[in-house]
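**Q** Residue-level listing of the chains:
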Amino acid sequence: MNIVVCISQTPDTATKVAVGADGKNIDAKGVKFVLNPYDEFAVEEGLQLRAANGGEVTLVCVGGDGAKEAIRLGIAMGADKAVLVKDEERADSFRVVSGIADVVRAANPDIILLGRQSIDYDSAQVGPMLAEMLDMPCVSFVTKLEISGNAVRAERDIEGGKEVVETSLPCVVTAQKGLNEPRYPKLPDIMKAKAKPIAEVAAPSVAARVETLAMRKPADKTGGKIFEFSPENVKELVRLLHEEAKVI
Amino acid sequence: MPIITPDYFDIDGLLSEEERMVRSTVREFVDNEVLPIIEKHNREGTFPQHLVKRFGDLGMFGPTIPEEYGGGGMNSVCYGLICQELERGDSALRSSVSVQGSLVMYPIWKYAGEELKRYWLPRLASGDAIGCFGLTEPDFGSNPGGMLTNARETESGYILNGAKMWITNGTIADVAVVWAKLNGVVRGFMVEKGTPGFTAPEMKGKHSLRASVTSELIFQDCEIPKTHIFPDVQGLRGPLSCLTQARYGISWGAIGAAIAVYESSVNYATTRIQFDRPIGGFQLVQEKLVWMLNEITKAQLLAYRLGRLKDEGTMRTQQVSLAKRNNVWMALECCRMARDIHGANGILDEYPVMRHAANLESVKTYEGTHDIHTLILGADITGIEAFT
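Those sequence lines, one after another, are chains C and W.
The first sequence begins at 1 in the working numbering and counts up by one.
The second sequence begins at 1001 in the working numbering and counts up by one.
Isolated chain C (complex conformation) (with noise of 0.2 Å):
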C-alpha cells in the first residue's frame, strides 16, 4: 500500500505568539515549532496501515529548511521517506496544495492522509482541495477507518453525533484526533533520522490566491461579571451566558 502523509509544521501549542511588525505575520522569534499536533495522528494511522497492509509510508511537507525537523520526528515515528516542498514563504492553502499536488501524484498513493487542519492557520481546506485536484473522494475528521480491499469505512465527527460513510482507494482522508494514539519516536530512532534524506522539490510557481491584510492579537479580556446567588439571577447569568457570551 503507497501511503502518503501530509504534514505541516506548526507552533507549539504551548507557546505565545505575537504579531510581527509587518502585522501581516507572526513573530517567529523564539517560537518553538513542533509537527502539527493533528498530523500526529495522520502519521500513526499511515504506518498503522502500514503494519497491517505492507508498503511503504511517504511523508510530504512544504515549508523552509525549518520544517525538517517536523519531518525527522515523521521518520523517527517510522516513516520511511520524505519529501519537502522548499517555499520559504508563507503560502495559503491554494499554493500549498499547489505546491504537494504533483508530488503526491508522483508517488501513486492509494491513500493520503493529512491533519484535520494545522492548528495555526485553522483554514482545513488542505485535504479537500487535494482532494480536489487528484479527483480523489475525500472523508474529512475522521476518528475511525477500516479498510478492506478497496473498501473505505470510516467514521466522523459531525455536530452531536457520528456519521459513518463509505468510499474507495484512493481517497483522501484527514485525521480527527480520536482516530489512534499517536506513538512517541523511539529515542535511537530520533538519533537515525538525520540519515534518511529528505528530498527536496522547488516551490510552485503559482500565486496566492488569499492575501492576508492583517493580524490581530483579540482584545484583552475585561473583567468577569459577578452575581449574588437567587433563581432570578440564575435565569440571567443562563441567558447571559447563551445571548452574550454564545458559550451554551
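Careful, some of the hints might be misleading.
[Unchecked claim] Chain W is faced by these chain C residues, among others (derived, beta-carbon under 7 Å):
# : residue
1 : Glu-69
2 : Tyr-184
3 : Lys-186
4 : Ile-190
[Claimed, not checked] No more than 25 Å apart at the CA atoms, straight line, and that leaves these computed lysine-lysine pairs for DSS-like:
#  : chain 1 : residue 1 : chain 2 : residue 2
5  : C       : Lys-86    : C       : Lys-194
6  : W       : Lys-1117  : C       : Lys-186
7  : C       : Lys-29    : C       : Lys-217
8  : C       : Lys-177   : C       : Lys-144
9  : W       : Lys-1040  : W       : Lys-1206
10 : W       : Lys-1110  : W       : Lys-1226
11 : W       : Lys-1206  : W       : Lys-1226
12 : W       : Lys-1053  : W       : Lys-1110
13 : W       : Lys-1053  : C       : Lys-186
14 : C       : Lys-192   : W       : Lys-1206
15 : W       : Lys-1206  : C       : Lys-32
16 : W       : Lys-1053  : C       : Lys-192
If you're looking for bench data, these hints aren't it; they were derived computationally from the structure.
Bear in mind that the values here come from a model prediction, so they are computed numbers and not experimental data.
The beta carbon of each residue, even a glycine, is placed where N, CA and C say it ideally should be.
Assemble chain W onto chain C, guided by the hints.
**A** Same frame as chain C, now just chain W:
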C-alpha cells in the same frame, strides 16, 4: 508572561536537533504517562512496574550502550536529558532507570563475558528484564572498600556470602550485579534471580523514593557459575566506574526535580492572591523565584558542559562530583523555597513539592553523599585525602 519552563540562557540553542527532540519526547512521555499516576504510587509506596516496558520501548535503558547490544547508541548529553526529564516526573523513576542503565547495563557491557553480554543486555534494554546493583552494605556505605560480602572459589564456580542494603530494584530484579571480596580483593559477580541461597526482601518504611523498590540482597552459600564473574576488573575501580556514570545522570536529573518545583512555584505565585494581589508581586517571593531560576540556570550550564566533556572523553570524575554535589543541593534548596512559596498547600500531594523534597534527601545521600563529594573535591584541590 511568566517564565514557566526555565531555559534562561538558551541551553536549547546549544543542543543538536536530535538532542532537543529526545528531550521533548521524554518530556511529553512524562507529562502523559508519569505525572498523572505518580502521586498515587508515591502515596501508596508502589513502583509503577507497567512503565518498565514503556521505558524500554522508548529506549531509555542504556541509551549510551552500543546498539549491537540493544542499547540506544546515543551520546551522554542525550542520556543526561533523559534523566532530567524523567526526574521532572519523579526521582524514584529516574533512580530505577539510572540503576538499570548505569549500574547494571554499563558494568555488564564493560566487564562481563561476551555470552552474558549477548544474553542480558538486549533483555535489560527492552525492559523485559530488570537489574539491580549491590555494593552498599548495612555497615559500609561511604566506605565500600570495607565490605564484608565475600566470594569463595569452588571447582564449579563461586560461593557468595553476605548482605547488601539500600538496593534499588532489588526485589523485582532478574539479575543482580554484586560486588564481593574474593581473596580480599573486590570483584564483580552476576547473580540471577532464583539462584539458591539468594533472596531480596523489600525494605519498608521509606519516606523518600516511595515509587521505587528498595531492597536488601542476602547471600547464604549462594553458588554461581564460573562464567558469572567479571574477569578483568579488580578492586573498587570496578564499582566506582559505574557510580561515575550514575552520578553523571543524577547531576542532570536533579535539574528536572528543581524545574518541577520551580514551575509549580511560578504557577502558584502568579495565581495565589493575598492582600488583594498575586503573592508573586511581593519582593520576598520574587527573591525566592529568582534564586531558583538563577541556580537552575547555573546547574544547567554545569550539566551541559559536563556532558560535552564526557562525550569528548575528557571528563574527570571530580568534575562529576562537583556537578552532582552542586545540582542536588540546589534542587533540594529549590524544594524548600518552593514549599515556603506554596504555604500550607506546599505540604499536600496536590502539589509535587514535598514529594520531590523527600526524594532529593535520598538523592543527596546516595551515589556518594554530599559530604563525600566535598572531600573528593577537597582532595583534588589540596592533594591531601581527608577520608583515609
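**Q** Now tell me if each hint is right for this structure.
**A** Here is how each hint holds up against the structure:
no. : hint                      : result
1   : Glu-69                    : holds, 6 Å
2   : Tyr-184                   : holds, 6 Å
3   : Lys-186                   : holds, 5 Å
4   : Ile-190                   : holds, 5 Å
5   : C/Lys-86 <-> C/Lys-194    : holds, 18 Å
6   : W/Lys-1117 <-> C/Lys-186  : holds, 22 Å
7   : C/Lys-29 <-> C/Lys-217    : holds, 17 Å
8   : C/Lys-177 <-> C/Lys-144   : holds, 10 Å
9   : W/Lys-1040 <-> W/Lys-1206 : holds, 15 Å
10  : W/Lys-1110 <-> W/Lys-1226 : holds, 18 Å
11  : W/Lys-1206 <-> W/Lys-1226 : violated, 37 Å
12  : W/Lys-1053 <-> W/Lys-1110 : holds, 24 Å
13  : W/Lys-1053 <-> C/Lys-186  : holds, 13 Å
14  : C/Lys-192 <-> W/Lys-1206  : violated, 41 Å
15  : W/Lys-1206 <-> C/Lys-32   : violated, 41 Å
16  : W/Lys-1053 <-> C/Lys-192  : holds, 22 Å
Consistency note: the structure conflicts with the earlier hints numbered 11, 14, 15.
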